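These protein sequences, in sequence, are chains A and B. If you read the first sequence in our numbering, its first letter stands for residue 3, the second for the next number, and so on. If you read the second sequence in our numbering, its first letter stands for residue 34, the second for the next number, and so on.
For the record, the hints were derived by calculation from the structure and aren't laboratory data. As the structure is a prediction and not an experimental result, all values here were calculated from the model. Just to be clear, a hint being listed does not mean it is correct.
Just the calculated beta-carbon pair ranges, DEER-fashion [what the hints assert, rightly or not]:
#1 B:T78 x A:S151: 38 to 46 Å
#2 A:Q68 x B:T134: 50 to 58 Å
#3 A:T83 x B:I38: 55 to 63 Å
#4 B:I38 x A:F10: 41 to 49 Å
#5 B:Y65 x A:N15: 40 to 48 Å
#6 A:F10 x B:I86: 52 to 60 Å
#7 B:M130 x A:F10: 26 to 34 Å
Under the rule of at most 30 Å between Cα atoms (straight-line distance), these lysine-lysine pairs were calculated in the BS3-like manner [claimed, not checked]:
#8 B:K107 x A:K126
#9 A:K175 x A:K133
#10 B:K107 x A:K91
#11 A:K26 x B:K107
#12 A:K123 x B:K107
#13 B:K74 x A:K176
#14 B:K84 x A:K126
#15 A:K161 x B:K84
#16 A:K176 x A:K121
#17 A:K63 x B:K74
Yeah, the Cβ is synthetic: ideal placement off N, Cα and C, and Gly gets one too.
Single-letter residue listing:
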Amino acid sequence: MADPSGDFDLVKNFIGGDESAFNKIVLKYQQKIYWHARRMTGNHLDADEIVQEVLMVLYEKLKDFQFKSSLYTWIYRITATRSINFLRKNNLKNFFSFEDKESEVVRSNVDIVKNIETKEKLDKLEKVLLKIPAKQREVFIMRSFDELSYEEISKITGKSIGGLKANYFHAMKKIMEHMNENEH
Amino acid sequence: MKMNIKIILYLDGQLTGEERTAFEKELSESKYLKEQLIRVKNFNTGVSELKNITVGDDYFVQMIPKFRNKKAQKRKLRFFSGITYSVSTATAVLIVMLFVTNKNIKNDIQPVQNNMVSERIVNNETNQDAGSLSDQFGFLNMNQEEIASSDNLLNSMLIRELDLTPQSLNDISQIDNNSGDIQTILQGVNDKEADAIYNQILHKKIL
Chain A
3 MADPSGDFDL
13 VKNFIGGDES
23 AFNKIVLKYQ
33 QKIYWHARRM
43 TGNHLDADEI
53 VQEVLMVLYE
63 KLKDFQFKSS
73 LYTWIYRITA
83 TRSINFLRKN
93 NLKNFFSFED
103 KESEVVRSNV
113 DIVKNIETKE
123 KLDKLEKVLL
133 KIPAKQREVF
143 IMRSFDELSY
153 EEISKITGKS
163 IGGLKANYFH
173 AMKKIMEHMN
183 ENEH
Chain B
34 MKMNIKIILY
44 LDGQLTGEER
54 TAFEKELSES
64 KYLKEQLIRV
74 KNFNTGVSEL
84 KNITVGDDYF
94 VQMIPKFRNK
104 KAQKRKLRFF
114 SGITYSVSTA
124 TAVLIVMLFV
134 TNKNIKNDIQ
144 PVQNNMVSER
154 IVNNETNQDA
164 GSLSDQFGFL
174 NMNQEEIASS
184 DNLLNSMLIR
194 ELDLTPQSLN
204 DISQIDNNSG
214 DIQTILQGVN
224 DKEADAIYNQ
234 ILHKKIL
């Protein structure tokens with residue numbers, strides 16, 4: 003989890019009118035925001051859209067933040083919610099859309115990961131992750147990539163620890179089965 | 034190949050002390066379970082390699098300026114949306130007011146029209162349908178006095194409405210020797226013609 007020291011002062015300064023404090027908060031957490039969105043959506047452009055939405059919400063709502071949780075938990079909660087909402091909206095759009103596959107290809111070709119080997123591994127994983135339900139994906143990402151405990155995940159998502167463990171288990175099971183299918 | 038669920042729980046630390054001991058014993062005795070365990074561990078290692086991916090700084094450096102631009106654009110959009118909303122609301126209110134006002138004017142005209150129509154009905158029974166000049170008024174059963182009176186009334190109406198002089202009216206009535214009194218005129222006029230004449234007079238008077 004991110005080091006919470008200094009968050010309180012940054013928020014206080016921002017509320018006091020110091021815009022550079024907001025910039026510092028963004029610099030501190032931007033990678034976490036981006037990568038969670040990226041792993042949830044599977045491509046850079048969608049992740050970028052979510053990041054901008056999250057920053058907009060942060061900017062507007064930070065003055066109301068009362069430190070009932072850590073700043074990191076609060077930011078992560080916003081990111082997780084926006085990601086799930088984005089996926090829902092996208093599913094609906096795709097259902098009614100007549101867009102062809104070309105636009106999807108263009109979307110997946112725009113990327114900030116330049117190393118080919120890393121990109122290949124990432125693409126493979128993202129394809130598998132997109133095959134599992136969003137809620138299971140979310141828990142898997144928080145546990146496997148961000149190494150959050152179930153208690154921390156529970157604070158972010160508001161779900162019970164038992165439910166989260168079940169989600170993680172089902173996610174892993176499906177991922178391993180899909181990986182198995184791809185190998186054979 | 035179905036994944037053994039205990040492997041996932043074991044690696045995730047979800048087994049209790051007793052369950053863990055039992056599973057480790059099972060693991061040591063089963064080649065198949067060992068293979069599955071290695072599989073999952075390799076997958077977890079692969080995931081770990083993707084935890085901290087190095088990317089060019091460009092994207093993250095540009096994140097804040099991009100956000101600031103977007104915020105400025107959003108503010109402009111909000112401003113113009115506000116104006117558009119106000120103008121649309123004002124226009125809608127204006128249209129509704131015009132509609133209501135127009136309706137009121139029409140309602141005012143209607144009673145005036147009705148009054149003018151009632152003045153045109155010669156008969157004292159004002160509710161009668163005056164669209165037909167057939168024997169509705171019982172002209173054919175009138176006595177001479179009544180016929181003469183009706184004649185005079187009709188003549189004065191014709192003079193007034195058709196802008197005639199008494200002489201020209203006389204001329205018209207003498208064209209046909211059989212015409213001249215209201216009885217004869219009425220006999221020569223069918224219902225349709227009578228309705229048409231009446232409506233023309235009415236229309237001319239009102240407009």
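Evaluated hints:
| no. | hint | verdict |
| --- | --- | --- |
| 1 | B:T78 x A:S151: 38 to 46 Å | violated (21 Å) |
| 2 | A:Q68 x B:T134: 50 to 58 Å | holds (54 Å) |
| 3 | A:T83 x B:I38: 55 to 63 Å | violated (30 Å) |
| 4 | B:I38 x A:F10: 41 to 49 Å | holds (43 Å) |
| 5 | B:Y65 x A:N15: 40 to 48 Å | violated (59 Å) |
| 6 | A:F10 x B:I86: 52 to 60 Å | violated (30 Å) |
| 7 | B:M130 x A:F10: 26 to 34 Å | violated (56 Å) |
| 8 | B:K107 x A:K126 | violated (37 Å) |
| 9 | A:K175 x A:K133 | holds (12 Å) |
| 10 | B:K107 x A:K91 | holds (21 Å) |
| 11 | A:K26 x B:K107 | holds (22 Å) |
| 12 | A:K123 x B:K107 | violated (37 Å) |
| 13 | B:K74 x A:K176 | holds (15 Å) |
| 14 | B:K84 x A:K126 | holds (14 Å) |
| 15 | A:K161 x B:K84 | holds (24 Å) |
| 16 | A:K176 x A:K121 | holds (22 Å) |
| 17 | A:K63 x B:K74 | violated (41 Å) |
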